[in-house]
Amino acid sequence: MKKLISIALVLVLVLGALAGCGKTEPGTTATPSADTGANATAPAAGGTIKIGLLGCYTGEYAQYGLAVQNGALMYIDKVNAAGGINGKQIEPIIYDDKGDPTEAVTAFNRMLDDGVTALLGSVLSGATMAVVPEAYAANLPMITASATAAGVTYNEDEDLVYTNMFRTCFIDPFQGEKMAQYAKDILGARTAAAITETGNDYAVGLKEAFVAKCAELGIEVVADEGYSKGDKDFKSQLTNINAKGADVIFCPNYYEDDALIVTQARQLGITATFMGGDGWAKVSEYAKAEDLEGSVYCSAYAPGSTPEIKQFETDYAAKYNGEVPGMFAALGYDAAIVLLDAIKAAESKGLETGSDEYKAAVIDGMKNTSSVGITSAYSYDEFNNPIKSAVIIKLEGGKEVFSQMF
Amino acid sequence: MSTVISQIFNGLQSGSVYALVALGYSMVYGIIMLLNFAHGDIIMVGAYVAWIMIAKAGLPPAVGVVAAVVGCTLLGITIEKVAYAPLRKSPRLSLLITAIGISFFLENLAQLVMGAGAKSMPEIVSGPGLSFAGANISFVAMVTIVVAVISMVLLTILVQRTKMGKAMRAVSEDMDSARLMGISVNRTISFTFALGSALAGIGAVLYSCAYPQASPTMGSMLGLKAFVAAVLGGIGSIPGAMIGGFAIGLLEAFVSAVGLSVWKEGAVFAILILVLLIKPTGIMGRVITEKV
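Just so you know, the sequences run in chain order A and B.
So in my numbering, spot 340 of the first sequence is number 354, and the numbers just go up one at a time.
So in my numbering, spot 114 of the second sequence is number 117, and the numbers just go up one at a time.
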């Protein structure tokens with residue numbers, strides 16, 4: 015009897031494994047069909063420029079991957095409809111990495127075999143970081159819309175900047191710099207204080223960038239307080255901040271903590287303006303309107319904020335069955351703009367499409383870009399991270415409203 | 004100077020909540036020698052009851068406050084009847100493990116029913132703050148300290164002056180002799196749990212005023228700190244729990260004030276170790292000779 019059960023169990027396992035295989039089959043066959051589809055639409059006249067699109071288009075994070083892909087394809091289609099670049103159509107070569115670093119490298123090698131000129135991807139930081147060293151070795155122009163890890167463009171262990179790699183999303187600490195600049199330019203702050211969760215990389219990263227930028231701008235940081243995860247009582251730290259009298263308090267934590275900090279600060283009679291990063295989103299549900307009034311935080315994207323974004327939303331909905339685009343689609347669109355502008359520049363130099371000089375010219379074009387996307391204008395710093403505008407969200411009457419691009 | 008006064012009031016405010024919770028620990032330990040680790044989670048349930056009443060049902064805050072206190076009281080009695088009473092003759096370790104089990108049960112139940120994220124508590128009390136020697140004392144801080152002190156005075160009167168209080172003291176002194184004297188031990192134990200849990204309910208409301216969020220795990224750290232407060236004061240002693248609670252609150256405020264806020268919890272648990280090493284009976288505790 016026991017034997018029978020174990021045999022049955024083994025059978026179930028084998029069947030399960032087979033079923034798993036069956037599921038992956040259509041996925042892998044589906045990807046080539048996607049690029050033959052693109053082949054079919056591309057007219058042969060004048061040749062084509064092949065651009066790889068890599069991302070997680072199936073699996074757990076597919077919604078992000080597909081949004082980036084939709085955004086990027088929307089711009090590529092627009093350029094193709096207007097006659098392409100230098101008479102050449104853009105041919106997207108699409109591969110799915112399922113968010114997996116190993117799959118990403120495999121797909122990347124197949125793309126090289128397919129002869130891509132540039133790569134837009136990947137979507138997740140892990141998959142992107144697996145591909146970057148390979149693309150760097152091949153000096154292939156590469157841009158991601160969504161991989162935020164610092165390691166995507168910069169290898170800290172070897173102190174090596176991946177010069178071929180760019181992105182349109184900003185990395186987390188950039189928000190700290192933005193808010194320091196905002197405090198100086200818009201709020202006219204002379205003194206600042208910070209309160210952060212000390213074990214949280216996100217919060218500490220923003221705070222360090224903020225403090226460094228303050229030093230550069232001449233804002234005096236009078237207090238730098240910390241707390242540990244799970245703390246609910248911040249009054250002692252806030253009393254210290256109050257005693258030092260800061261104009262602004264930078265509080266780049268997650269919204270639940272931020273709400274408690276603001277509430278307790280107001281109880282202690284602190285009137286300074288609170289500032290935060292995109293971890294603040296939803297904070298209005300956790301603290302009183304009058305306590306939050308006037309606080310500001312920055313974010314990468316705000317729906318319906320500018321005329322460009324409104325136009326993008328309308329076009330996107332028309333193209334993709336009324337779907338509402340989010341940050342990922344917008345950044346995918348911007349990534350395509352930055353990349354295709356650089357390709358335009360390379361084409362205008364009369365280089366042979368796909369040659370090494372051509373690729374170097376595309377990389378050069380992105381490095382010195384002056385492209386204007388829908389979320390911002392772009393330029394790149396020494397680590398190839400974008401210098402771009404952030405969205406400033408202000409707390410007004412208990413609502414989180416778009417204030418300005420900054 | 005004003006900063007020092009502010010910090011003292013910060014310490015007194017959190018200390019009063021610790022003291023109220025520590026009282027529950029101490030009373031239950033005094034009567035059945037049980038470290039009721041589910042006590043902190045009763046506060047969490049109290050906070051959720053208040054949230055449901057005020058935020059969900061839109062009832063006035065006063066109703067929420069009463070509901071939280073009543074809810075905690077009923078929960079305390081239920082836990083005692085369901086989980087602890089059947090184990091009264093068992094080894095004390097079984098009771099302790101059951102208490103930890105109840106604690107996990109309540110936390111996970113809350114997570115299942117209410118979700119893992121925090122719920123935002125509407126304002127329960129509001130009023131103008133007070134300026135005292137240049138320091139700002141918030142209205143919430145004053146209410147917390149005053150309510151906690153009044154509760155402690157009433158509790159002391161109840162234990163020292165009433166018949167039920169006398170019964171409580173008798174049962175904690177010697178359960179068998181108390182039974183021989185005609186005291187209903189079961190009823191007295193239930194009453195002790197009810198009283199401790201009602202204080203936890205008041206603690207829950209005061210905590211929600213100061214930190215207006217309810218989350219499934221809010222009670223665990225609060226409970227542990229109150230436990231340290233009870234041990235510091237001398238577990239089993241009512242005045243000891245009050246002194247311990249305020250001492251822990253002031254210690255935390257002091258540690259944060261000198262810039263070591265990240266070590267706040269470390270300092271609290273270092274106190275626990277020090278007390279156990281130097282004076283295991285705590286500040287007000289009396290030496291009990293172990294009966295063999």
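Calculated directly from the structure, the hints in this document are not laboratory data.
The beta-carbon is built from N, C-alpha and C at its ideal position, and this holds for glycine as well.
One should not assume that every hint holds.
What the hints assert, rightly or not - Here are the simulated DSSO-like cross-link-like pairs (lysine-lysine), alpha carbons at most 27 angstroms apart as the crow flies:
no., chain 1, residue 1, chain 2, residue 2
1, B, K166, A, K296
2, A, K246, B, K59
3, A, K302, B, K59
4, B, K84, B, K169
5, B, K84, B, K166
6, B, K122, A, K408
What the hints assert, rightly or not - Just the calculated beta-carbon pair ranges, DEER-fashion:
no., chain 1, residue 1, chain 2, residue 2, range
7, A, T120, B, F272, 42 to 52 angstroms
8, B, A136, A, G165, 28 to 38 angstroms
9, B, T284, A, K258, 36 to 46 angstroms
10, A, K333, B, P131, 53 to 63 angstroms
11, B, L280, A, K258, 29 to 39 angstroms
12, B, S5, A, K413, 45 to 55 angstroms
13, B, M224, A, E410, 46 to 56 angstroms
14, B, L115, A, G411, 28 to 38 angstroms
What the hints assert, rightly or not - Some chain A residues well away from chain B (every beta-carbon gap over 12 angstroms; in silico):
no., residue
15, N100
16, G129
17, Y176
18, T212
19, Y216
20, L231
21, G232
22, E239
23, T253
24, L282
25, A301
26, Y334
27, A359
28, S369
29, D378
30, N398
Hints versus structure:
Using a Cα cut-off of 27 angstroms, the hinted pair B:K166 and A:K296 is violated, with the two alpha carbons roughly 53 angstroms apart. Using a Cα cut-off of 27 angstroms, the hinted pair A:K246 and B:K59 holds, with the two alpha carbons roughly 23 angstroms apart. For the proposed pair A:K302 and B:K59, the alpha carbon gap of about 16 angstroms is at most 27 angstroms, so the pair holds. Among the hinted pairs, B:K84 with B:K169 is consistent with the structure: their alpha-carbon atoms are about 22 angstroms apart, no more than 27 angstroms.
Annotation: proposed proximity of B:K84 to B:K166 holds, straight-line Cα distance about 23 angstroms (limit 27 angstroms). The straight-line distance between the Cα atoms of B:K122 and A:K408 is roughly 23 angstroms, inside the 27 angstroms bound, and the hint therefore holds. The hinted window of 42 to 52 angstroms between A:T120 and B:F272 holds, with their beta carbons roughly 50 angstroms apart. B:A136 and A:G165 have their C-beta atoms about 53 angstroms apart, which leaves the hinted 28 to 38 angstroms range violated.
In this structure, B:T284 and A:K258 meet the distance hint of 36 to 46 angstroms, their C-beta atoms being roughly 42 angstroms apart. Taking the beta carbon of each, A:K333 and B:P131 are about 57 angstroms apart, inside 53 to 63 angstroms as hinted. A beta carbon spacing of about 38 angstroms between B:L280 and A:K258 agrees with the range 29 to 39 angstroms that was offered as a hint. Between B:S5 and A:K413, the C-beta spacing of about 35 angstroms breaks the proposed range 45 to 55 angstroms.
The hint said 46 to 56 angstroms for the Cβ distance between B:M224 and A:E410, and at roughly 35 angstroms that hint is violated. Range check, B:L115 to A:G411: about 35 angstroms between beta-carbon atoms, so the 28 to 38 angstroms window is met. The beta carbon of A:N100 is kept farther than 12 angstroms from every beta carbon of chain B, the shortest such distance being approximately 53 angstroms. Distance check for A:G129 against chain B: the nearest CB is about 49 angstroms away, which clears 12 angstroms, and the non-interface claim stands.
A cut-off of 12 angstroms between C-beta atoms confirms that A:Y176 is not in contact with chain B; the least separation is 35 angstroms. At the 12 angstroms boundary, the C-beta of A:T212 falls inside the reach of chain B, the nearest C-beta of that chain being 5 angstroms off. The non-interface label for A:Y216 is consistent with chain B: the shortest C-beta to C-beta separation is roughly 17 angstroms, beyond 12 angstroms. The non-interface label for A:L231 is consistent with chain B: the shortest C-beta to C-beta separation is roughly 25 angstroms, beyond 12 angstroms.
With 12 angstroms as the threshold on Cβ separation, the claim that A:G232 sits away from chain B holds: the shortest Cβ distance comes to roughly 24 angstroms. A beta-carbon of chain B comes within 12 angstroms of the beta-carbon of A:E239; the shortest separation is about 6 angstroms. Here A:T253 does not stay apart from chain B, with its beta-carbon only about 5 angstroms from theirs, under the 12 angstroms limit. Look at A:L282: its CB is around 6 angstroms from the nearest CB on chain B, not clear of 12 angstroms, so calling it non-interface is violated.
Annotated as non-interface, A:A301 brings its C-beta within 12 angstroms of a C-beta of chain B; the closest such distance is 7 angstroms. Every C-beta of chain B lies more than 12 angstroms from that of A:Y334, the closest at about 31 angstroms, which supports listing it as non-interface. For A:A359, the shortest C-beta to C-beta distance to chain B comes to about 48 angstroms, beyond the 12 angstroms cut-off, and the non-interface label holds. No Cβ of chain B approaches the Cβ of A:S369 within 12 angstroms, the least distance being about 54 angstroms, so the stated non-interface status holds.
Interface exclusion of A:D378 from chain B stands, the closest Cβ pair being 47 angstroms apart, more than 12 angstroms. With a least beta-carbon separation of about 34 angstroms from chain B, A:N398 lies farther than 12 angstroms from that chain, consistent with its non-interface assignment.
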